[in-house]
Amino acid sequence: MTKDTSRVNPLENEAIYIIREVAAQFEKPVLLFSGGKDSITLVRLAQKAFYPAKIPFPLMHIDTGHNFPETIAFRDRLVKELGLELIVRNVQDSIDEGKVKEESGRYSSRNSLQTTTLLDAIEEFKFDACIGGARRDEEKARAKERIFSVRDDFGQWDEKNQRPELFDMLNGQIHLGQNVRVFPISNWTELDVWSYIERENIEIPSIYFAHTRATFLRDGLIWSSDDEVVYRDENEVVEERLVRFRTVGDMSCTAAVLSDAADIASVVQEIRESTISERGARIDDKRSEAAMEKRKQQGYF
Amino acid sequence: MRKILILPTSYLILKNMEVLKIATAGSVDDGKSTLIGRILYDTKSLTSDKLEAIEKTSKQKGYDYLDFSLATDGLVAEREQGITIDVAHIYFSTQTKSYIIADTPGHVEYTRNMVTGASTSQAAIILIDARKGVIEQTNRHFFINNLLRVKEVIVAINKMDLVHFSEDIYNKIKADFETLMQKRDYQDQNITFIPVSALKGDNVVHKSRNTPWYKGQTLLEHFELLDTEDVYNVGTPRFPVQYVIRPKTEEFHDFRGYAGKVYGGELSVGDEVVALPSQTKSKIKEIYLYDQSYQTASRRSSVTITLEDDINVSRGDMLVKVDDLPTIDKQFTATISWMDSQNLVTGNKYVLQHGVNKVLAKVDAIHHKIHPDYSGIEEHISALGMNDIASVTFKLNKSIFFDPFKNHRTNGSFILIDSQSNNTVGVGFIQ
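Protein sequences appear in the order of chains Z and G. Numbering (UniProt numbering) for the first sequence: 1 to 301. Numbering (UniProt numbering) for the second sequence: 1 to 431.
Certain hints may be false.
Beta-carbon label-pair distances, calculated as ranges [what the hints assert, rightly or not]:
id : chain 1 : residue 1 : chain 2 : residue 2 : range
1  : Z       : Q156      : G       : K398      : 31 to 39 Å
2  : Z       : D158      : G       : P404      : 32 to 40 Å
3  : Z       : R232      : G       : T192      : 25 to 33 Å
4  : G       : Q420      : Z       : I87       : 32 to 40 Å
5  : Z       : E239      : G       : H164      : 53 to 61 Å
6  : G       : T249      : Z       : V238      : 50 to 58 Å
7  : Z       : R77       : G       : E229      : 38 to 46 Å
8  : Z       : S274      : G       : D29       : 30 to 38 Å
I should point out that these hints are in silico values taken from the structure, not numbers from a laboratory. If you're wondering where the values come from, they're calculated on a predicted model, not measured in any experiment. No residue lacks a Cβ here, since even glycine has one placed at the ideal position from N, Cα and C.
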């Protein structure tokens, strides 16, 4: 029997092609790693792109200090197992240096503060390409994002003046000081990512699966209770609930969903039947209809 | 002994294996965004939070119907002006396929976005307002999709509800479009006509009771039955080398693999190949995808190939079968679509990116401009402006290895990069 590659996922082929273009066209690429399922998927795709050689660029995590501890533990284990280089830069340092001001109150989060830390790190290491796990199906402004998205010296996105991307050809030519944000899984949906994780048997942090957690309700969403990081009113009562996280950002801006999906197959099934979009549980997008577009213009990932 | 890959059963039932990219083209107010919104709504692809947002905004605007266009118009400026100004990508899936819709604007000044959307699509929807029929814009939409050799074109005659679902009006528009089709260059394009009402949902996903005279498929049925392998234009196998993999580890000490994507056809272990430009011959020794080795690399797969002989191959080189060489030349004529506000004039130099290969190109001659509405050509042209389409001869500093675009959509196309701005300023289709 002839064995061929024709049953291979076209989205995977596209992502591998894009990652190889990054390694070939740029001097100092980096993979932005958050510990979430999308960036974990990127790591697997990068492994595939260069096998049997190692991934020829480092990973970088912009640590808000508000991450779930499970995510950080997972990150450190993954990097060690795969023998990858990991750079960590902390939002806390940017706060201590007085570059950004911590938000306070009910909806405070460090999400938007990450931008300054990220831009400083890009400058520090002179990265010319940052690979990220953003997908066009996540959000309306992201639906317009290019695969190679050029950012100016200030990290800003000029959405009205984007380079056309024709056929498979990716133009990575930039001026000194500019950098390119690269999105290899642009064309994947949330379900595509979960199906891929299932098929490839990729390990992900435990918080993606159902577990019992101390939580409280606010605005119809379930929040993880952690008095150090997540603001909570006195009348917001903490209760144990069986939950999991569909998307993993900061504890302060990522809500949980009630779920008993304890393994990857049940998670895929749950996503398939879901009627709420992934970012429906992200409070940072709910601030206004144009929230994401505004943050992107300022250099947010 | 080669490892045999056994696919787990779950692999076979996994959906999202087939992906179909569809470009949309329509003039302002033809209802393009509404059509896409309707598809999302009827396939239950709109999540409840998105649907709520649409209901809320529709109510605020005082509409007595749901404004589905709000599902796609992403940028603030677009919501303010109620138009689409950039290509947006919309995703949904059914039991048989994953769909990606490139929502491209229909304004005259946005030819470049339409060309861009069509370049990555295998199918296109051209929308016609049943009240207006075939207009100049329709000619342009068809011209571009034909120029880019998009295999499947659906002509969706929209707003049928506003013409009382009249069969006569539908037939008249169809006949007008068929007249237009006689002018096309790419004859093998499949063209299908469907009467729809995007606003009311007729023949989009569900069959309409209002068009008993129409016996064909609905829009979605048509896409569901398309074979996604067939919609890719088949040519001869071309393997542009993207990256050379040299692990230099103990286990893979002498491993030298050529990473790239296979275009046009397939390559198998044992195939005799020629490396270009050196014209050195060798044989394919192994084909890898990650840690599995394969007998055959199919079209569009991203693989790593090793050769029997230790020859010098680097990025931008190309592996092809010995009896199937492309044209190797430093000069060619192409139809180009210009996308920059700075004019293209004879003598200008650009970086020409052909696949993953880059060379320097000089504009040798502009032969004529081609009116994209099938109204003919214009000779004695000294400069090309934004959105112009023209026949141009280029001279290169180094040979490239190409096929005519009509034989090979990938190996017959290139982009032009301005070395001052670094912007992509044009795209070309080699004649």
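Outcome of the hint check:
With their beta carbons about 36 Å apart, Q156 (chain Z) and K398 (chain G) fall inside the hinted range of 31 to 39 Å. Against the hinted window of 32 to 40 Å, the Cβ-Cβ separation of D158 (chain Z) and P404 (chain G) comes to about 36 Å, which satisfies the hint. Under the hint 25 to 33 Å, the C-beta atoms of R232 (chain Z) and T192 (chain G), about 58 Å apart, miss the expected range. Checking the proposed 32 to 40 Å range against Q420 (chain G) and I87 (chain Z) shows it holds: the Cβ atoms sit about 33 Å from each other.
Checked against the hint of 53 to 61 Å, the C-beta distance between E239 (chain Z) and H164 (chain G) comes to roughly 59 Å, which is consistent with it. For T249 (chain G) paired with V238 (chain Z), a C-beta distance near 51 Å keeps the hint of 50 to 58 Å intact. For R77 (chain Z) and E229 (chain G), the Cβ-Cβ distance of about 41 Å falls inside the hinted range of 38 to 46 Å, so the restraint holds. The hint said 30 to 38 Å for the Cβ distance between S274 (chain Z) and D29 (chain G), and at roughly 34 Å that hint holds.
In this structure, only the earlier hint numbered 3 is contradicted, and the remaining ones agree with it.
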